[in-house]
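Residue numbers (the numbering used here), protein chains in the order written: chain A, 11 to 372; chain R, 64 to 434; chain G, 51 to 218; chain S, 97 to 257.
Keep in mind that the hints were calculated from the coordinates and are not lab data. Hints should not be assumed to be uniformly reliable.
Unchecked claim - Capping the alpha-carbon separation at 30 Å, the derived lysine-lysine pairs in DSSO-like fashion look like this:
#: 1; chain 1: R; residue 1: K104; chain 2: G; residue 2: K140
#: 2; chain 1: R; residue 1: K249; chain 2: A; residue 2: K67
#: 3; chain 1: S; residue 1: K113; chain 2: R; residue 2: K122
#: 4; chain 1: S; residue 1: K187; chain 2: S; residue 2: K113
#: 5; chain 1: R; residue 1: K387; chain 2: R; residue 2: K153
#: 6; chain 1: G; residue 1: K140; chain 2: A; residue 2: K109
#: 7; chain 1: A; residue 1: K67; chain 2: S; residue 2: K113
#: 8; chain 1: A; residue 1: K349; chain 2: R; residue 2: K153
Quick caveat, the model's predicted, so the values are computed rather than measured.
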Amino acid sequence: MGFSIYDFSDFINNIHAFLIETFSPAIGNIIGMAIVAVCFLGFIALLGLSLVYIERKVCALFQQRLGPMRVGKWGTAQTVADIIKLIFKEPLMTKDSDKFLFNLAPFIVMIAPVMAISLIPFASGLQAVDFDIGIFFIVAVSSIGVTGILLAGWSSNNKYSLIGAMRSGAQIVSYELSVILSLLTIVVLSGSLQLSVIVESQREGWWIFRGHIPAIIAFIIFIVASTAESNRGPFDMAEAESEITAGFHTEYSGIKFAYFFLAEYVNMFIIAAVGATIFFGGWMPLHIGNIEFFNNAMDLIPPVIWFFMKVSAIIFLLMWFKWTFPRLRIDQMLTLEWKYLLPLNIMNILLMSLVVLTDFHF
Amino acid sequence: MEEVAQNIETQEYFINMGPQHPSTHGVLRLMLTLDGEIIKKVQPHLGYIHRSIEKMCEKDSYQQVVHLTDRMDYLGCHINNEAVCLTVEKGLELEVPDRVKVIRTIISELTRLSSHQLWWGVMGMDLGAITTFLYGFRDREMITDIFEETCGARLTMNYNVPGGLMFDIHPNFQNRTKQFLEHFKKKLPEYDKLLTGNVIFTERTKGIGYLSKEDAISYGVTGPSARASGFSCDVRKKNPYSAYDRVDFKEILFTEGDCFARYQARIAEMWESMKIIEQLIDNIPEGEYKAKTKAVIKLPPGEYYQRVETPRGELGVYIISDNKKNPYRVKFRSPGFSNLSALDKMARGFKIADLVAIMSTLDLVIPDIDR
Amino acid sequence: MEQIVFYILASMIVVFSVLTVTTRKILRGAVYLLTVLLATAGLFFLLNFNFLAAVQLTVYAGGIVVLIIFSIMLTSHVNEKLESTGNKKKFFSFIAVLAGALICISTILDYSFKEKSGIEIDTSMNKIGKDLLSYGDGGFVLPFEVISILLLAAMIGAIVLAKRETQN
Amino acid sequence: MIGSIKKYFSDIYNGVKSLFTGMKVTGHYVTHPGEIITQQYPENRDTLKMFERFRGEVVLIHDENNEHKCTGCSACELACPNGTIEIISDKAIDEETGKPKKIIDTFVYHLQMCTFCNLCILACPTDAIKMAQTYEHSVFDRSELTKVLNKPGSKIMQGIK
């Protein structure tokens with residue numbers, strides 16, 4: 011069984027073949043799916059744990075603090091302790107709330123990131139599904155998440171929650187537009203929606219460098235719009251604890267609250283992963299022109315490491331935003347979208363089309 | 064179409080902001096009448112932290128009254144103490160030594176600085192920038208250390224006694240204060256970089272919560288909140304007490320009357336406070352730290368009033384004496400109470416998010432309102 | 051394998067469709083509808099119509115259901131229940147449903163399904179993209195543009211309506 | 097028209113620039129972990145020293161012979177605004193003069209009612225009490241906060257009147 015940290019496709023194919031040979035094709039497929047599902051669930055759990063810890067540490071650094079230091083060395087087990095605490099908390103519910111929808115909402119919120127994460131290419135060949143509609147599918151499933159937020163806000167029977175849900179509805183629906191358009195800018199350049207093809211097309215150089223000005227504008231718009239779509243950073247109007255206490259998840263406690271929390275962090279990871287894949291070449295190593303020595307040295311670093319380095323850089327950027335800026339007001343946020351981001355985006359796509367038509371990119 | 068628009072009934076609804084709410088900074092309850100997110104009416108409900116300080120004063124001796132005022136506006140407690148002491152000294156017709164006056168002024172300005180630093184941090188936090196909260200506290204910590212060393216407590220200092228101070232300043236006081244000034248002069252521009260110039264912050268505050276000069280006067284708004292509307296009301300200038308008549312400082316006036324003007328007024332006041340401290344810190348006159356007073360103070364029968372400028376505005380202390388060792392009646396005209404009364408006027412027509420900004424620029428301290 | 055998935059999805063569609071119309075809590079109805087639409091998208095995926103499935107997800111699940119939920123949120127309260135319908139109404143709706151079902155079933159039975167058409171339909175994204183913007187044979191550029199103009203008109207109309215209200 | 101377009105783009109430019117200035121400030125701190133100001137409290141108990149004037153709790157000063165200076169005059173009790181101090185006094189015969197004399201039996205201090213205003217210390221004519229620099233006052237049982245300040249068997253110092 012061939013195994014290389016540089017290319018996983020042989021490894022995955024071998025496992026697949028082995029499963030099908032040992033069992034019948036149908037059962038082999040099902041077992042394969044189960045393995046993938048378990049891997050992803052484990053990965054998401056790990057992701058939630060580590061991202062919460064990283065966020066707390068990074069936030070502490072921004073604020074000249076130490077952050078969690080008590081549980082484990084440097085507080086590394088703090089999130090585990092928090093999860094244990096959340097599991098044992100009493101699940102509270104308000105009077106007259108719609109119990110069915112109240113309990114359903116956290117799961118709907120979780121569906122979207124779990125579906126989207128399956129399309130992310132972690133390394134060459136390390137991708138669960140590779141649809142030819144790639145990016146479109148990610149955008150499509152992430153639009154389901156908003157339903158969960160709306161349901162959570164409405165079924166809590168709390169006016170603050172309702173306001174929060176209303177805000178997040180308006181926010182997510184309008185910012186989806188900008189996310190799609192900014193991603194389309196790069197699709198124009200790469201000529202495909204399929205994520206593996208987009209990554210492959212950046213073998214010569216990442217799109218953010220090769221697409222120069224329009225690509226950089228697209229990246230900025232993407233970062234801003236996707237921050238807004240994930241209810242984070244300066245766009246956290248849906249929870250806005252100083253205005254509407256905690257917005258749509260005011261009434262949630264215990265493990266159901268943890269679900270919302272987890273969804274937020276997985277969403278953040280997906281944003282960073284999509285950004286890294288589209289703009290920074292996914293798992294592609296950094297290559298500069300024809301400097302053979304440098305390129306070969308970069309090739310030595312495994313693609314998985316490259317991918318996670320890029321993702322962490324973008325996550326750090328998102329955290330930097332969150333811990334620096336004040337929150338926008340809901341109408342200002344909509345103004346930003348419709349008056350600034352959207353027109354810029356459309357102009358940017360035109361510019362990019364011109365660049366592609368004239369072959370002006372590198 | 065217009066008919067349809069008229070026939071559609073929209074319902075206004077009530078929402079309780081507080082008594083427990085992250086941005087009321089205490090147990091203030093605001094009953095909001097909302098149309099969507101737009102505020103139609105704000106009704107403050109008070110009394111959740113009422114401890115009847117004024118009534119308690121009536122059974123206390125004049126020395127004991129002082130420490131109760133720590134608990135009113137806990138961020139400007141030295142100034143509250145000073146106000147009571149000044150009133151009692153006025154009743155006794157007692158001239159306090161120069162040294163006391165200067166020290167009181169320096170510590171008052173340090174109190175004002177620390178209060179404004181906390182306000183700045185909290186204002187940032189109310190608008191969603193949590194990092195500013197920590198930065199504000201970081202710089203305030205140096206001042207509380209100075210207080211702890213000289214007065215013995217960090218928050219409820221109780222450093223004043225009628226006739227002077229409880230004890231002399233600590234030998235380190237001048238050095239530490241100078242160190243702090245040096246440090247803070249570097250940090251205050253950072254405040255500007257983080258919030259004042261920030262496009263999101265200016266959008267959130269410019270044109271929000273307008274209060275005209277006339278309204279400011281008629282609602283009795285005082286302090287930086289009123290001076291941002293162009294109402295010149297600085298007691299330190301109008302009616303100098305302690306050592307304010309011998310220092311050179313500007314009264315900060317803005318005319319815009321919106322949240323941003325109130326914000327700028329406080330930032331500018333921090334610079335002025337530093338200027339005042341700089342002028343006095345090297346010129347503390349030698350002398351006694353306390354004038355001679357009797358162990359049991361009895362004010363001659365009559366009514367006494369003294370006003371001072373706290374970080375939030377004008378604090379008036381009104382004492383009626385009937386020649387006993389405890390006052391017959393004490394009344395505090397607290398700035399927070401009057402400032403709060405203008406909230407409804409300022410917030411109407413704005414959104415919930417703006418209400419939060421307006422409340423933080425009013426710089427409310429709830430125990431100061433309820434007493 | 052595919053058949054099992056198909057039956058799961060199909061039964062989901064049937065069950066949740068019935069629930070959508072019988073529930074007395076209006077928002078639950080919307081959620082059941084969402085499930086129906088998601089299951090339909092699943093059917094499309096099963097048929098390898100990936101693009102259509104994604105469109106189904108974005109437009110119906112992400113757009114229309116959100117809009118429905120939004121309007122429900124604005125108009126009704128959480129513990130509101132719809133009145134149960136009268137017997138007369140029940141009777142007539144039963145007749146209508148029966149008639150509709152009969153028509154559908156008879157059409158399906160009448161249609162002679164081919165065992166397996168030899169031509170494999172190309173559903174790749176490339177093909178769809180090129181077809182959408184080509185004006186040759188099998189090109190959709192005219193309907194595409196017409197729909198664009200329709201949407202633009204709708205948007206302008208919405209803006210005009212919204213603007214008039216603020217002036218009042 | 098051109099002016100407004102120019103304004104549109106300059107607005108964007110200035111806005112983005114102002115955001116970057118803010119990010120520079122926070123970015124400075126994230127790259128300078130040496131400026132972290134957090135103190136890890138229970139770990140630094142040994143090095144944590146309060147200022148000498150810090151008002152932690154009232155204590156009655158005892159010297160090495162277990163003698164204190166309190167005459168039981170109850171000036172502190174009167175000066176206290178909250179009734180924190182209760183002095184239960186006893187009668188004794190003065191050994192030198194043979195006259196009856198007031199001595200303290202128990203000096204009760206209710207820490208839970210104390211506001212640390214320092215008025216009792218100022219009122220004390222013999223400097224018998226002082227503020228200690230302790231700061232960890234939390235207990236599990238409220239009754240532990242009511243303290244008796246004079247140590248068992250302690251006596252008044254010679255020559256204190």
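Evaluation of the provided hints:
no. : hint              : result
1   : K104/R <-> K140/G : 47 Å, violated
2   : K249/R <-> K67/A  : 26 Å, holds
3   : K113/S <-> K122/R : 60 Å, violated
4   : K187/S <-> K113/S : 80 Å, violated
5   : K387/R <-> K153/R : 16 Å, holds
6   : K140/G <-> K109/A : 28 Å, holds
7   : K67/A <-> K113/S  : 27 Å, holds
8   : K349/A <-> K153/R : 62 Å, violated
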